[in-house]
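For the record, the sequence lines run as chains A and B.
For the record, in the first sequence the residue sitting at position 285 is 286 according to my numbering, with numbers rising by one throughout.
For the record, in the second sequence the residue sitting at position 12 is 14 according to my numbering, with numbers rising by one throughout.
You may find that some hints are simply not true.
To be verified - No more than 27 Å apart at the CA atoms, straight line, and that leaves these computed lysine-lysine pairs for DSS-like: (1) B:95 x A:10; (2) B:114 x A:10; (3) B:210 x B:284; (4) B:210 x B:21; (5) B:21 x B:284; (6) B:152 x B:184.
Said to hold, decoys possible - Stretches of chain A that chain B covers, calculated by requiring three or more beta carbons in the stretch to come under 8 Å of a beta carbon on chain B: (7) 11-19; (8) 104-111; (9) 115-121.
Because the hints were derived from the structure by calculation, they are not lab data.
Glycine included, each C-beta is placed from N, C-alpha and C at the ideal position.
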Amino acid sequence: MNNLPLLLKREYWEHRGGFFWAPLWVCAVILIVTVLGILSAEVFNSRANIHMGFSLGELQQHIGSNDLAEAGNALDMAQLMFGAMTCISLFFVLFFYLLGALYDDRRDRSVLFWKSLPLTDTATVGSKVLSAMLVAPLIAFAISTVAYVLFLVLVCLWAGMHGVNALPAVFAAHPFGMFWRLLLTVPVDALWALPTIGWLLFWSASARSKPFLWAVILPIIVVAVNGWFGVLGLPHVGGEIALKTVVGRLLLSIMPGSWINAGGSGFNGRHFSFGDDEHVLTSFDPSHVYGLLATPNLWIGVVGGAALIAGAIWYRQRQIETSS
Amino acid sequence: MSAAIVHARHLSKAYGATKALDDVSFDIEAGRIVGLIGPNGAGKTTALKAILGLTDFGGELSVLGFDPRRERARLMEEVCFIADVAVLPRWIKVGEAIEFVAGVHPRFSRAKCEAFLAKTKITPTMRVRELSKGMIVQLHLALVMAIDAKLLVLDEPTLGLDILYRKSFYESLLSDYFDENKTIIVTTHQVEEIEHILTDLVFVRDGKIALAATMDEVGERYAEVMVNPDKAEAARALKPLNERTIFGKSIFLFDGIERARLAALGELHKPSVADLFVATMKGTYA
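All chains should be built: construct the whole structure from the sequences, respecting the hints.
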């Protein structure tokens with residue numbers, strides 16, 4: 002597997018737009034909106050009340066009233082927000098990346114070039130799995146972290162213009178604690194995402210045309226037909242919710258943090274209420290997050306995902322034509 | 003194991019009712035340039051795909067001692083192929099393609115590749131999608147020629163290129179690449195252009211081998227005679243493979259008739275591969 006770094010690099014070269022530029026633009030837009038908010042607040046001399054998941058106005062209030070713990074918490078929420086916003090773009094990027102990963106090169110026949118090199122199909126598929134599990138999320142996380150640092154600088158400058166020293170608020174926040182906690186969610190996200198990664202790669206490798214239809218419409222039709230059978234009293238899979246859970250796990254699990262409300266028994270999702278009483282730092286405590294590893298939901302998904310990936314490799318070895 | 007690079011016995015492969023390979027057996031020895039010639043849908047590409055480990059098939063096949071079905075990755079260290087024109091990924095930059103092949107291929111020489119590209123207008127920052135069809139083939143050839151492989155497989159490598167690119171493609175291949183340790187298998191419809199570089203000829207028809215011979219054997223076996231009308235009947239009596247008429251004279255193609263007997267009929271020629279091909283494939287599309 003000493004070709005792996007180069008294979009991952011190859012994925013990055015091909016998908017620079019989704020892996021690098023998409024999260025960069027998301028963060029840039031948040032920062033630009035922040036600057037615009039500050040400017041308009043200054044121009045209209047009104048209280049800044051910009052809600053991008055965090056409120057500059059509230060922050061100003063907290064600092065002003067020496068309620069540093071609250072101010073720090075608000076900044077921690079802002080840090081989480083930067084991560085969350087890039088994760089939303091990451092979901093779409095990964096979804097279409099995985100759906101095309103083993104299909105697009107078959108359609109344009111460049112698969113014949115890749116197959117002319119001494120690389121095993123297992124290594125090829127593996128590099129795509131790892132890109133989706135770790136490479137893209139880590140790049141997005143790095144960008145959101147840099148953007149948050151820039152945001153802190155902006156906030157300090159703005160507060161400084163008003164004679165308020167924002168540094169105590171920054172020190173009251175937990176940028177490093179948040180950094181490690183958010184970083185440690187990446188491996189959990191990666192394991193949780195495996196069924197979706199496997200499902201999308203499976204259809205990407207096997208479909209002769211329109212992998213999107215197979216991967217997305219097929220499960221939706223199955224759920225709909227099953228529900229309809231249920232209504233008519235015909236044989237169907239009981240427990241509508243169970244079927245929907247499976248389909249959700251197959252299609253949506255690459256959304257980072259989607260395990261928060263879906264952990265199932267043994268996983269204490271209530272820690273993520275983000276209420277006033279619960280500090281965001283506590284919510285993302287590894288002892289909470291890694292509680293997910295004790296749930297069957299996660300491991301059933303890992304096994305199912307691994308089986309689907311094995312299926313994708315099997316098809317990659319045999320199926321190199323598309324019908325278009 | 004003999005000196006054969008490719009050793010195939012009873013290969014078969016069917017797409018539905020069509021037999022692309024129908025119990026085919028052949029050997030290809032080292033240091034040959036083999037032309038695999040056949041009409042569309044004769045099974046050429048299927049045979050090449052089998053050799054390259056790109057398709058499943060029945061029968062027994064060993065390429066350089068490897069089973070292409072199970073050991074494709076290992077096999078590709080010794081085998082290169084250019085399948086069709088323009089299969090290079092369109093998004094990749096020339097420099098990235100070189101870096102990638104250099105990284106994954108133990109027998110790749112970056113210096114050779116760059117020396118070859120220096121003779122073209124291609125630069126490392128260009129993307130494949132910005133290159134013309136001819137330039138893409140130049141790039142692909144540069145990548146492949148920099149690999150010290152034992153077997154090179156070319157499937158219609160010059161399809162759709164203009165004559166300048168086609169000529170320079172085969173010239174580079176012969177002068178800068180081919181030597182007695184290498185073997186080349188090539189399929190093309192432009193038979194006339196590769197005729198002079200081939201050492202072996204294989205005609206494929208309906209999934210079977212219609213003819214397999216070295217070019218020397220072909221020269222000995224087949225002869226073309228230009229016959230005046232008065233001797234045409236005598237010529238027909240010798241059962242020619244083919245007859246065509248030019249300027250009132252008949253040209254007959256014979257297989258395995260003594261030279262002396264043919265010389266008595268008229269002027270002797272060495273038949274072109276194209277003429278031989280047309281004669282062999284008579285009735286293919288009927």
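Can you confirm whether chain B covers the region 104-111 of chain A, using C-beta to C-beta distances below 8 Å and requiring at least three such residues? holds (count 4)
Checking one constraint from the list: CA of residue 114 of chain B to CA of residue 10 of chain A, max 27 Å. Satisfied? With a Cα-Cα distance of about 24 Å, the restraint between residue 114 of chain B and residue 10 of chain A holds, given a limit of 27 Å.
Check whether the Cα positions of residue 21 of chain B and residue 284 of chain B lie no farther apart than 27 Å. Answer holds: residue 21 of chain B to residue 284 of chain B is near 19 Å, not above 27 Å.
Please work out if residue 95 of chain B and residue 10 of chain A have their alpha carbons no farther apart than 27 Å. holds, 13 Å
Just to be careful, I want the Cα atoms of residue 210 of chain B and residue 284 of chain B compared with a cutoff of 27 Å; is the pair within it? Answer holds: residue 210 of chain B to residue 284 of chain B is near 15 Å, not above 27 Å.
Checking one constraint from the list: CA of residue 210 of chain B to CA of residue 21 of chain B, max 27 Å. Satisfied? holds, 9 Å
Has the region 115-121 of chain A got at least three residues whose CB is nearer than 8 Å to a CB belonging to chain B? As far as the region 115-121 of chain A goes, the hint holds, because 7 residues have Cβ atoms under 8 Å from chain B.
Closer than 8 Å Cβ to Cβ for three or more residues is the test here. Does the region 11-19 of chain A pass it with chain B? This one holds; 3 residues, not fewer than the three required, reach chain B with a Cβ under 8 Å.
Are the Cα atoms of residue 152 of chain B and residue 184 of chain B separated by 27 Å or less? Holds. Residue 152 of chain B to residue 184 of chain B sits at ~5 Å (cutoff 27 Å).
Going through the hint list in order, the structure satisfies each hint without exception.
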